[in-house]
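Enquirer: What follows is each chain in one-letter form.
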Amino acid sequence: MSYCQPTQLSDLLSCLAHPNARILAGGTDLIPHLQMGLVEDPLLVSLKGLPELKRIEAKPEAIHIGPAVTLQTLIDHKPLREIYPVIGQTLSQIGALQHRQVGTIGGNLCLDTRCSWFNQSAFWRESLGFCLKKGGDICQVAPKSKRCHAVLSCDGAIALAACQARLVLLSRAGKREVSLMEFYRPNGMDHIDLRPGEFIYKILLPHAPPGFQATYFKGRARQSFDFPLLGLAIATQWDGAQRTLSFVLGGVESCLLQVQMQNLDSFLTPEQVQSAIKSCQRLARPMENAFYGPSWRKKMIASFIAQGLQQMNLIQEDAP
Amino acid sequence: MPNPCRLMVNGEIWEGLVDPFETLLEVLRERLDLTGAKQGCSQGECGACTVLVDGNPVMACLMLALEAQNTQIETIESLATQELHPLQIAFVEKGAVQCGFCTPGMVLSAKALIDKNPHFQEQDVRAALAGNHCRCTGYTKIIDAVMSLSTGAKHG
Chain D
1 MSYCQPTQLS DLLSCLAHPN ARILAGGTDL IPHLQMGLVE DPLLVSLKGL PELKRIEAKP
61 EAIHIGPAVT LQTLIDHKPL REIYPVIGQT LSQIGALQHR QVGTIGGNLC LDTRCSWFNQ
121 SAFWRESLGF CLKKGGDICQ VAPKSKRCHA VLSCDGAIAL AACQARLVLL SRAGKREVSL
181 MEFYRPNGMD HIDLRPGEFI YKILLPHAPP GFQATYFKGR ARQSFDFPLL GLAIATQWDG
241 AQRTLSFVLG GVESCLLQVQ MQNLDSFLTP EQVQSAIKSC QRLARPMENA FYGPSWRKKM
301 IASFIAQGLQ QMNLIQEDAP
Chain L
321 MPNPCRLMVN GEIWEGLVDP FETLLEVLRE RLDLTGAKQG CSQGECGACT VLVDGNPVMA
381 CLMLALEAQN TQIETIESLA TQELHPLQIA FVEKGAVQCG FCTPGMVLSA KALIDKNPHF
441 QEQDVRAALA GNHCRCTGYT KIIDAVMSLS TGAKHG
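Residue numbers (our numbering), protein chains in the order written: chain D, 1 to 320; chain L, 321 to 476.
Looking at chain D on its own, in the form it has when it is part of the complex (with noise of 0.2 angstroms):
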């Protein structure tokens, strides 16, 4: 293994051209993973040295947000509080303080997929001879899949995808930019779409809308800290004239899932309300690859959308 920490752009992006090359952000997920054996012989690319990727700053297009700017520095910064709390309503969940204070927006988008049968030590994974996602050929959850069943378990990536957050990525071979929605893959082996040597150059968030709100829900073991079992966000927009409606569920899949509504009403009807919970647990297919199972999950599902919207007042009340 070995480190390197350039402190120029162009240095950055020649050490991840390296085969093994690793990014290290705040190093919650990846150093983890390098003592239980997950990751081998990685060149640790540091992004401490580079300034410009912890900024935050106002444009007029969009609030741009670096890659190594830390989750609590997100969560105290004033102005993002004011135009999107629910950003930092969701990543004041994520882990403990010691977590947030070093880990990074980036390092949470690119958190690696988990799985109760990945994030083991060796000698336990070895016991069951691997799986899919590390040194096996089957997926223990879904023996007769073909690919790896690990969830998506980056609850900022939730939040931001309500918002409609792009992502800027960088190589060698220059720029592009995706939605949140499309950076993720529906395959928990490789479930990022990073093609080699890029990375997140930044996090844009355009300006919010007018009549925009959004909460976030996060199913979990602990509420002290723990991984999403079950994230959800949901986000509204009313124009003056019609409502549109959209839920980002995480931790059910190795990709995000979204369910949209629109031309609605001011306020909802139970109906829509039931059609937009059936629509959320159609789409999403927990399976047993967390602490709590699917069926936990799905019902956890109908019970987030009622509050969620509840608590942002969109059901319409029954006459008196």
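Note that these hints are calculated values from the structure, not bench results. Some clues are possibly wrong.
[Unchecked claim] A short, non-exhaustive set of chain L residues, derived as facing chain D with CB atoms under 10 angstroms:
hint	residue
1	Asn323
2	Pro340
3	Gln363
4	Val373
5	Val378
6	Met379
7	Leu382
8	Leu384
9	Glu387
10	Gln389
11	Ala432
12	Ala447
13	Gly451
14	His453
Positions of the beta carbon are idealized from the N, C-alpha and C atoms, including for glycine.
With chain D held as given, fit chain L onto it using these hints.
Expert: Leaving out everything else, chain L in the frame of chain D:
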């Protein structure tokens, strides 16, 4: 291949060669003999290895020593020089220590909170200590100890 490393720990400079994967915790414990930060889970889950980096609580098992350069690192050993720190006195007086394994991390997490916001409330203490696990006390006496130092406490 070992890399040169320069750390500022408890106000003193330490210089040496470290392996790329050597964590700050390993350097503190094995090279500097600062064994107050404990090695618990090595996964960033228990908080026993908490130290302060630029005044913020950080798990030393999750930080490479090379990444801790150009920062101010404080370990539990920096707190008591001539006399115990008020937090340490509060932990003793409230019976917030049993086996003591989690105590250095608890005290440092609490110190970071107190240094930033002396008017903290109980919910702030609970949030600040959420990353520090204790398997003896049941947390109540630890929270009591920290709350006894709040200048704007509404306990209960």
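Enquirer: With reference to the structure, classify each hint as holding or not holding.
Expert: Hints, verified against the model:
1. Asn323: 6 angstroms, holds
2. Pro340: 4 angstroms, holds
3. Gln363: 5 angstroms, holds
4. Val373: 8 angstroms, holds
5. Val378: 6 angstroms, holds
6. Met379: For methionine 379 of chain L, the interface hint holds, since the closest Cβ of chain D sits about 5 angstroms away, which is under 10 angstroms.
7. Leu382: Since the shortest Cβ distance to chain D is 5 angstroms, the answer is holds.
8. Leu384: Holds - the Cβ of leucine 384 of chain L comes within 10 angstroms of chain D, reaching about 7 angstroms at its closest.
9. Glu387: The hint holds - glutamate 387 of chain L has a Cβ within 10 angstroms of chain D, the shortest such distance being about 6 angstroms.
10. Gln389: The hint holds - glutamine 389 of chain L has a Cβ within 10 angstroms of chain D, the shortest such distance being about 8 angstroms.
11. Ala432: 8 angstroms, holds
12. Ala447: 7 angstroms, holds
13. Gly451: 3 angstroms, holds
14. His453: 8 angstroms, holds
The structure meets every hint from the earlier list without exception.
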